[in-house]
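**Q** Hey, can you work out the whole structure from these sequences and the hints?
Residue numbers (the working numbering), protein chains in the order written: chain G, 1 to 872; chain D, 1 to 145.
None of these hints come from the bench; they were simulated from the model.
We put the beta carbon where it would ideally sit given N, CA and C, even for glycine.
You may find that some hints are simply not true.
Claimed, not checked - Incomplete in silico selection of chain D near chain G, CB under 10 Å:
1) GLU27
2) VAL34
3) LYS48
4) PHE55
5) LEU89
6) VAL91
Stated by the list, open to error - Reference excerpt, derived from the structure (chain G facing chain D, CB under 10 Å, subset only):
7) LEU90
8) ASN118
9) GLY130
10) ASN155
11) LYS158
12) THR165
13) ARG169
14) VAL241
15) ASN290
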Amino acid sequence: MNSIFSGTRLRDMIRSIRACKTAAEERGVVRKECADIRASINENDPHDRHRNLAKLMFIHMLGYPTHFGQMECLKLIASPGFPEKRIGYLGLMLLLDERQEVLMLVTNSLKQDLNHTNQYVVGLALCALGNICSAEMARDLAPEVERLIQFRDPNIRKKAALCSTRIVRKVPDLAENFINAASSLLKEKHHGVLITGVQLCYELCTINDEALEYFRKKCTEGLIKTLRDITNSAYQPEYDVAGITDPFLHIRLLKLLRVLGHGDADASDLMTDILAQVATKTESNKNAGNAVLYECVETIMAIEDTSSLRVLAINILGRFLSNRDNNIRYVALNMLMKAIAFDDQAVQRHRVTILECVKDPDASIRKRALELVSLLVNENNVKQLTKELIDYLEISDEDFKEDLSAKICSIVEKFSPEKIWYIDQMLKVLSEAGKFVKDDVWHALIVVISNASELHGYTVRALYKAVLTYSEQETLVRVAIWCIGEYGDLLVNNVGMLGIEDPITVTESDAVDVVEDAITRHNSDMTTKAMALVALLKLSSRFPSISERIKDIIVKQKGSLLLEMQQRAIEFNSIVDRHKNIRSSLVERMPVLDEATFNVRRAGSLPASVSTMAKPSVSIPNGVAAAPLVDLLDLGSDDIMAAPSSSGADFLQDLLGVDLGSSSAQSGATPGPKAGADLLMDILSIGTPSPAQNNTSSIDLLSTAGINNNPSNALDTLSSPAPPHIATTASAGGMFDLLDGLSPSPSKEATNGPAYPPIVAYESSTLKIEFTFSKPSGNPQETNVQATFINLSPNTFTDFIFQAAVPKFLQLHLDPASSNTLPASGNITQNLRVTNSQHGKKSLVMRMRIGYKLNGKDVLEEGQINNFPRGL
Amino acid sequence: MRLLIRFILLQNRQGKTRLAKYYVPLEESEKHKVEYEVHRLVVNRDSKFTNFVEFRTHKVIYRRYAGLFFSLCVDITDNELAYLECIHLFVEILDHFFSNVCELDLVFNFHKVYLILDEFILAGELQETSKRAIIERMSELEKLE
Numbered sequence: 001m002n003s004i005f006s007g008t009r010l011r012d013m014i015r016s017i018r019a020c021k022t023a024a025e026e027r028g029v030v031r032k033e034c035a036d037i038r039a040s041i042n043e044n045d046p047h048d049r050h051r052n053l054a055k056l057m058f059i060h061m062l063g064y065p066t067h068f069g070q071m072e073c074l075k076l077i078a079s080p081g082f083p084e085k086r087i088g089y090l091g092l093m094l095l096l097d098e099r100q101e102v103l104m105l106v107t108n109s110l111k112q113d114l115n116h117t118n119q120y121v122v123g124l125a126l127c128a129l130g131n132i133c134s135a136e137m138a139r140d141l142a143p144e145v146e147r148l149i150q151f152r153d154p155n156i157r158k159k160a161a162l163c164s165t166r167i168v169r170k171v172p173d174l175a176e177n178f179i180n181a182a183s184s185l186l187k188e189k190h191h192g193v194l195i196t197g198v199q200l201c202y203e204l205c206t207i208n209d210e211a212l213e214y215f216r217k218k219c220t221e222g223l224i225k226t227l228r229d230i231t232n233s234a235y236q237p238e239y240d241v242a243g244i245t246d247p248f249l250h251i252r253l254l255k256l257l258r259v260l261g262h263g264d265a266d267a268s269d270l271m272t273d274i275l276a277q278v279a280t281k282t283e284s285n286k287n288a289g290n291a292v293l294y295e296c297v298e299t300i301m302a303i304e305d306t307s308s309l310r311v312l313a314i315n316i317l318g319r320f321l322s323n324r325d326n327n328i329r330y331v332a333l334n335m336l337m338k339a340i341a342f343d344d345q346a347v348q349r350h351r352v353t354i355l356e357c358v359k360d361p362d363a364s365i366r367k368r369a370l371e372l373v374s375l376l377v378n379e380n381n382v383k384q385l386t387k388e389l390i391d392y393l394e395i396s397d398e399d400f401k402e403d404l405s406a407k408i409c410s411i412v413e414k415f416s417p418e419k420i421w422y423i424d425q426m427l428k429v430l431s432e433a434g435k436f437v438k439d440d441v442w443h444a445l446i447v448v449i450s451n452a453s454e455l456h457g458y459t460v461r462a463l464y465k466a467v468l469t470y471s472e473q474e475t476l477v478r479v480a481i482w483c484i485g486e487y488g489d490l491l492v493n494n495v496g497m498l499g500i501e502d503p504i505t506v507t508e509s510d511a512v513d514v515v516e517d518a519i520t521r522h523n524s525d526m527t528t529k530a531m532a533l534v535a536l537l538k539l540s541s542r543f544p545s546i547s548e549r550i551k552d553i554i555v556k557q558k559g560s561l562l563l564e565m566q567q568r569a570i571e572f573n574s575i576v577d578r579h580k581n582i583r584s585s586l587v588e589r590m591p592v593l594d595e596a597t598f599n600v601r602r603a604g605s606l607p608a609s610v611s612t613m614a615k616p617s618v619s620i621p622n623g624v625a626a627a628p629l630v631d632l633l634d635l636g637s638d639d640i641m642a643a644p645s646s647s648g649a650d651f652l653q654d655l656l657g658v659d660l661g662s663s664s665a666q667s668g669a670t671p672g673p674k675a676g677a678d679l680l681m682d683i684l685s686i687g688t689p690s691p692a693q694n695n696t697s698s699i700d701l702l703s704t705a706g707i708n709n710n711p712s713n714a715l716d717t718l719s720s721p722a723p724p725h726i727a728t729t730a731s732a733g734g735m736f737d738l739l740d741g742l743s744p745s746p747s748k749e750a751t752n753g754p755a756y757p758p759i760v761a762y763e764s765s766t767l768k769i770e771f772t773f774s775k776p777s778g779n780p781q782e783t784n785v786q787a788t789f790i791n792l793s794p795n796t797f798t799d800f801i802f803q804a805a806v807p808k809f810l811q812l813h814l815d816p817a818s819s820n821t822l823p824a825s826g827n828i829t830q831n832l833r834v835t836n837s838q839h840g841k842k843s844l845v846m847r848m849r850i851g852y853k854l855n856g857k858d859v860l861e862e863g864q865i866n867n868f869p870r871g872l
Numbered sequence: 001m002r003l004l005i006r007f008i009l010l011q012n013r014q015g016k017t018r019l020a021k022y023y024v025p026l027e028e029s030e031k032h033k034v035e036y037e038v039h040r041l042v043v044n045r046d047s048k049f050t051n052f053v054e055f056r057t058h059k060v061i062y063r064r065y066a067g068l069f070f071s072l073c074v075d076i077t078d079n080e081l082a083y084l085e086c087i088h089l090f091v092e093i094l095d096h097f098f099s100n101v102c103e104l105d106l107v108f109n110f111h112k113v114y115l116i117l118d119e120f121i122l123a124g125e126l127q128e129t130s131k132r133a134i135i136e137r138m139s140e141l142e143k144l145e
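**A** Structure representation (structure tokens):
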């Protein structure tokens, strides 16, 4: 059939293609061959068709398009001879698939061939049909195939069985037709026919409930017997693989039994013996045996409960875990994860082996083992397991450390029995793998530390020791400097020593060394350095004797190239230098952070922005219950620092002074007060009210509104007039220093600077507000506003109060109003002072709220003032 | 959850496909992509790793014999160890048929390799588990050529 004349022989073509040195060369050869083939096709000479198609198939395998050859397949299939049909069908399967319409044209040939007298031809047709038929073809030819399941030749029967499998997949409606034929196949002795019959039944059971019922009732026992026979059979060389007779058949039978037993207690009952037999008798030193065992375990897990069988299955998996072959270990770990759902106890017994797998050289096994271990953790074994995992953490690969440390942290958080253990474990993890630990994890640690007041001393000492050794672990350093900052006094005075501790001598200087090191180390990042500065500020108050040294360190940072550092350094230095009177209250021990709230927020990941639900009320000195702050602060949200998308973490970030995003000048309050108003409220309302009250000082720094005993008033943007007897007013010239407002000084009512036109800030039917502007000091950022409130109604307003809120880039200070009573058609005035840190870039804007009593009833008016003159 | 073999690939280390049989329909371009991806997945895997890789939403079971990678794509829940046996049986059959098979045999006789495969697996399922039976069948068919 390899004609000498027309064109190259297949072998020669292959050789010449392989001889090509470059892709271009190969393309050339292929192009030429295709041209020849096309020409030959056009001549319609049957002799060369066979060879042409063979060549085309090879060319197709190289990746070239060969559509023009598709019709040749059809012609070959339609030829009478076997060799032609054979290559035609082969070409069909290779060059076409079910989605191509050309395939439909073959249906007729297929039908004829399915009825051919030559059973080899029948075989060809069944093969092609089974591999690529479409749904229509399946429907058309189903009756033929069904008939062939009962054919005398086993080769045909098995092909017909598998072809039927495809047919019912394509056309599930036809399933019923095949039930009877399929069940007869189950009685076969010929392995090939038997296995194909089993597969057909499996397919029928999964797509058709009636089939499932039928086979379950009629065939379960027969199948069990077949499995038993084959398990017990003598050595059959033809089917033997590593001592098991036809492991493939074992596996298929087990699969089918699984489907039949699942959800049915009776069927499951029948199977337990044979399953136990297979599970215990099968040799497991070779892959074939293990493959059978694995299938057996799957089946045991899927059928209705017999707990002894389940334990047997889990033990098999446990044995797998110690197998040298990592395929087997992998497979076992997968299954064990499913098995935990059924029988946690049984899996617990293999904990040690599973732990060994965490240390496996294969990464995918380590991963699975770690997953499995974390599912096994409970209150009883958590300490032991954590110890093992942490020990391993020290020696594990870098790329595994991240997963491992994350898992350890989550285990520790969930199951820790006592705080001191939690802190110990976390310290170990941070020391080993701090750089992989995520922010929310170390934030949580700080929350816990803060709540464990009896452990403050212990913790800070432990951290101090740790950070001396592991100073390159960033997160450890951060936690350590926060603690040293907060609890530095406990550190140097060995306060709160626990029985288990050895005393250590840490001088104030040593402690400051650590913090200074964090700033000056070249690989510290911004967050760490910023935190270190805050810690220094705290220490400057707690360690008065080396306050000078601390001041020097801070001063050095004034020249830092990092803006945030510079800013903080300048502000903190200012506090240290000139505001010693308020420093200690500023950096007082932080109130305990509310764990419950933190956890809720962390879980819910609410963005810590203004618009949260909790609306605590703030009581303002005049006794007027303030409205929820949320509204007032709801000004252009791009101005208000909505916290970056994750969550409760920002809540903590604020407290740690870590928030680097806020642009407006923060004075050195340890928690930078933020737009996350209610969060801050929570903290401060839960914590102990701040006791320190220096004579003129106020926690409420930025509103500089004089004494309030109310700790909850620490919001930078909400101001209200203080009780009249405290008058605090504008600073003396020079640099705008917020805190200078605290020391009483004469106000300057200078009205230098360009004049700005007055505006009507607000007008309603009952009230009108006018603003007039002046620029007192030479500072262009500062504006003095005189507000005049005019009562337009015929009634008197009493308990008149004006409140205002501004975005973060503005600072607002309100002087007390001239009066709280506004007679009809009368007016009162009030002075406001506004500082615009974005002077020149952004205009003033203000939200205001007026409350008063009218005829005994409370009235509230509010509005937004957008019409400030530009340039203020 | 179809428990059938989705495709079988024989590729050499350079990524040349020596056999590609698909039991699910795929466009030509998709097939090329699949072949490229599978090759990349298996060719770089160290021998100490398992013989199973996740591939899209399925699983590929593979094994290397000399310079050839035999890859089977199956459902992610299927029994991996069984398919390893399957691959091995196929290799044994080829070895027997070609008498110590080498890659070149498979290149020059690619159509025969497909014919052998078609006697071993049909519609993505096992058709015959006896090596002897398959070899016998092949010689019967050869006689008809």
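**Q** For each hint, tell me whether it holds in the structure or not.
**A** Verification of the supplied hints:
1. The interface hint given for D/GLU27 is met, as the beta carbon of that residue sits about 8 Å from the closest beta carbon of chain G, less than 10 Å.
2. At about 13 Å, the closest approach between the beta carbon of D/VAL34 and any beta carbon in chain G exceeds 10 Å, and the interface hint on this residue is violated.
3. Satisfaction of the interface hint for D/LYS48 is found here, the shortest Cβ-Cβ separation to chain G being roughly 6 Å, below the 10 Å cut-off.
4. The restraint placing D/PHE55 at the interface with chain G is violated, with a minimum CB-CB distance near 14 Å, outside the 10 Å limit.
5. Checking D/LEU89 against chain G by beta carbon gives a least distance of about 8 Å; that is within 10 Å, so the hint holds.
6. Against a cut-off of 10 Å between C-beta atoms, the interface hint on D/VAL91 is violated, since the closest Cβ of chain G lies about 13 Å away.
7. Satisfaction of the interface hint for G/LEU90 is found here, the shortest Cβ-Cβ separation to chain D being roughly 6 Å, below the 10 Å cut-off.
8. For G/ASN118, the interface hint holds, since its Cβ comes within 10 Å of a Cβ in chain D; the closest pair sits about 9 Å apart.
9. For G/GLY130, the suggested interface contact is upheld, since its CB lies about 4 Å from the closest CB of chain D, less than 10 Å.
10. Taking 10 Å as the C-beta cut-off, the interface hint given for G/ASN155 holds, the closest approach to chain D being about 7 Å.
11. Because the smallest distance between the Cβ of G/LYS158 and any Cβ of chain D comes to about 6 Å, under 10 Å, the interface hint for this residue holds.
12. For G/THR165, the suggested interface contact is upheld, since its CB lies about 5 Å from the closest CB of chain D, less than 10 Å.
13. With a least beta-carbon distance of about 7 Å to chain D, the hint placing G/ARG169 at the interface is held under the 10 Å criterion.
14. Interface restraint check for G/VAL241: the shortest CB-CB distance to chain D comes to about 6 Å, inside 10 Å, so the restraint holds.
15. A least Cβ separation of about 6 Å between G/ASN290 and chain D falls short of the 10 Å threshold, and the interface hint therefore holds.
Of the numbered hints stated above, those contradicted by the structure are hints 2, 4 and 6, listed in ascending order.
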